[in-house]
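Chemist: As a plain string of letters, each chain reads:
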Amino acid sequence: MTEAVQAALGAHLEELFGAGTRVVRAALLGGGASMEAWAVDAETPRGPLSLLLRRAAGGRIYRDALSLAQEFRVLQAAWEVGVLVPRPYYHFPDVAGREAFLMERLPGEAVGRRIVQKPELSEARAALPSQMAEQLARIHAIDPTRLEFLPGSREEAPLQRSLDALEAQLDAASEPHPAIELGLLRLRRDLPRDGRRSVCHGDFRIGNLLVGAAGLTGVLDWEFAHVGDPREDLAWPLVRAWRFGKEQLRLGGIAQPGAFLDRYAELTGSRISLEELGIFELLGNVRWAVGALTQARRHLSGEERSVELAVLGRLAAEVEHEVLALLGKGGA
Amino acid sequence: MPDRPTAAELAQAVREFLEAEAVPAAIDPRLRFRLLVAANALSILERDLDLGDELLREEIALLRPLAGAPPPGTPREQALGLSAELSRRIRRGDVPRGALQALRRIAELKLRVASPRYLERG
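Going down the list, the sequences are from chains A and B.
Counting in my numbering, the first sequence runs from 997 upward without gaps.
Counting in my numbering, the second sequence runs from 116 upward without gaps.
Hints in this document: simulated from the structure, not taken from any laboratory.
Hints are supplied without guarantee of correctness; some may be wrong.
[To be verified] Derived lysine to aspartate or glutamate pairs resembling EDC-like cross-links, with alpha carbons at most 20 Å apart:
hint : chain 1 : residue 1 : chain 2 : residue 2
1    : B       : K225      : B       : E200
2    : A       : K1242     : B       : E235
3    : A       : K1242     : A       : E1116
4    : A       : K1242     : A       : E1105
5    : B       : K225      : B       : E161
6    : A       : K1242     : A       : E1119
7    : B       : K225      : B       : E169
8    : A       : K1325     : A       : E1272
9    : A       : K1325     : A       : D1186
10   : A       : K1325     : B       : E223
11   : B       : K225      : A       : E1171
12   : B       : K225      : A       : E1304
[As the list claims (entries may be wrong)] Pairwise CB distance ranges (calculated):
hint : chain 1 : residue 1 : chain 2 : residue 2 : range
13   : A       : P1089     : B       : T189      : 51 to 61 Å
14   : A       : E1095     : B       : P180      : 48 to 58 Å
15   : A       : D1167     : B       : P187      : 18 to 28 Å
16   : B       : E131      : A       : A1023     : 31 to 41 Å
17   : A       : D1258     : B       : E131      : 18 to 28 Å
18   : B       : A137      : A       : G1298     : 18 to 28 Å
19   : A       : G1324     : B       : E131      : 36 to 46 Å
Ideal placement from N, C-alpha and C gives every residue a C-beta, glycine not left out.
Could you build the full structure based on these sequences and the hints that come with them?
Modeler: See the structure below:
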């Protein structure tokens, strides 16, 4: 398969980067049943290029994720307004039989546990809260009318609709979880109805951010982009599951959230308190609890057999515990 | 069957093999990660075999005051039935008194099997 991908890409890359361009290496980095990631090194007339190819894997795509063509358009929109993303190059309807898109391959660390622990990333951790706020401010300023295919674009009340969707997903997991129901009930009562509408990244957290010695180098994984309330994106990196063992540091295991929210307020004029974010942190936890159960179902149903997905069905108990802890703080 | 190793001891033997021999030999980081996940899955299995029945009984006792009499069946079926009934009640906005406390206790029981260190990390 490597040869087929390498050959198919070779022809495409000559068109993109000029005659004489050739693929030096194409290596499958990993991926699940729905998506592959290929590291591609190319020689071009203007010098060597490090590229990354995201390619469909043939399996069923997550129901709520964007298509590759859509994800590519979001990446382009983000690149054009100066969000730190890998430079998007081209969307191919067909690379050796499957859809794919090509982007720059950026250096950096993406593994959450290493980002919160590595001694050589301590300066990066100090810089990250402001840098994360800067990126979110830019993302939330993207004109949503350019991306009308995004989920939520045509919704009157995208937050309320997302609760309906979570309820439907929980029902589809066909296993009772009263703790999650209690979280959903609180969200039905307390989630604001007048939410502002912005382009949201949808999965903005440690683990989906590339980090180098000086901090953030790239915002990755745009397949859950949607139109929603910007506070969803601000609360998501606070969710306990993304603290990677550093539970006391509420912003992704790297810092307290103060500097992050201050910088966001400076840049956008929108000052959001931790208290105001509380209900969105609950939303994030309910979303991840349902997400973990849904992923375990991919294994149990045979859609994608994987020990990683299987274990998530049990680890969902951690998220339920956090949902209940947040409900306890807010008064029963 | 009373023969040893017991089911839990067998799971432990496989987990120890993965941790002591397979993980250190794995060069590919993705494979290494999956081996660690597999070892963790076995540790969950060990604890479930040791504690599962007792925790299920405790869960049923906690759910009864919130969701009525359990349906007939195995302890697992009873716990599932009670949990489903409580879920239905909460979904329609009828939250029994004491539900939050009982569910927190149940989440702790689940974590004793699924992730005991999570509770220690606080």
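Chemist: Give a verdict on every hint.
Modeler: Tested hints:
1. K225(B) to E200(B): Holds, because 19 Å separates the two Cα atoms, which is no more than 20 Å.
2. K1242(A) to E235(B): holds, 13 Å
3. K1242(A) to E1116(A): holds, 17 Å
4. K1242(A) to E1105(A): With Cα atoms ~18 Å apart, K1242(A) and E1105(A) stay inside 20 Å; holds.
5. K225(B) to E161(B): Within the cut-off at roughly 14 Å; holds.
6. K1242(A) to E1119(A): Holds, because 17 Å separates the two Cα atoms, which is no more than 20 Å.
7. K225(B) to E169(B): OK: K225(B) and E169(B) at ~11 Å, within 20 Å.
8. K1325(A) to E1272(A): Status holds; Cα separation ~14 Å.
9. K1325(A) to D1186(A): holds, 14 Å
10. K1325(A) to E223(B): holds, 17 Å
11. K225(B) to E1171(A): holds, 15 Å
12. K225(B) to E1304(A): holds, 19 Å
13. P1089(A) to T189(B): 51 to 61 Å: Taking Cβ atoms as reference, P1089(A) and T189(B) lie about 52 Å apart, which means the hint holds.
14. E1095(A) to P180(B): 48 to 58 Å: holds, 54 Å
15. D1167(A) to P187(B): 18 to 28 Å: Check passed, 25 Å falls within 18 to 28 Å.
16. E131(B) to A1023(A): 31 to 41 Å: holds, 33 Å
17. D1258(A) to E131(B): 18 to 28 Å: Violated - the Cβ-Cβ distance for D1258(A) and E131(B), about 49 Å, lies outside 18 to 28 Å.
18. A137(B) to G1298(A): 18 to 28 Å: holds, 25 Å
19. G1324(A) to E131(B): 36 to 46 Å: The hinted range 36 to 46 Å holds for G1324(A) and E131(B), with Cβ atoms some 38 Å apart.
Hint 17 from the earlier list is the only one contradicted by this structure; the remaining hints agree with it.
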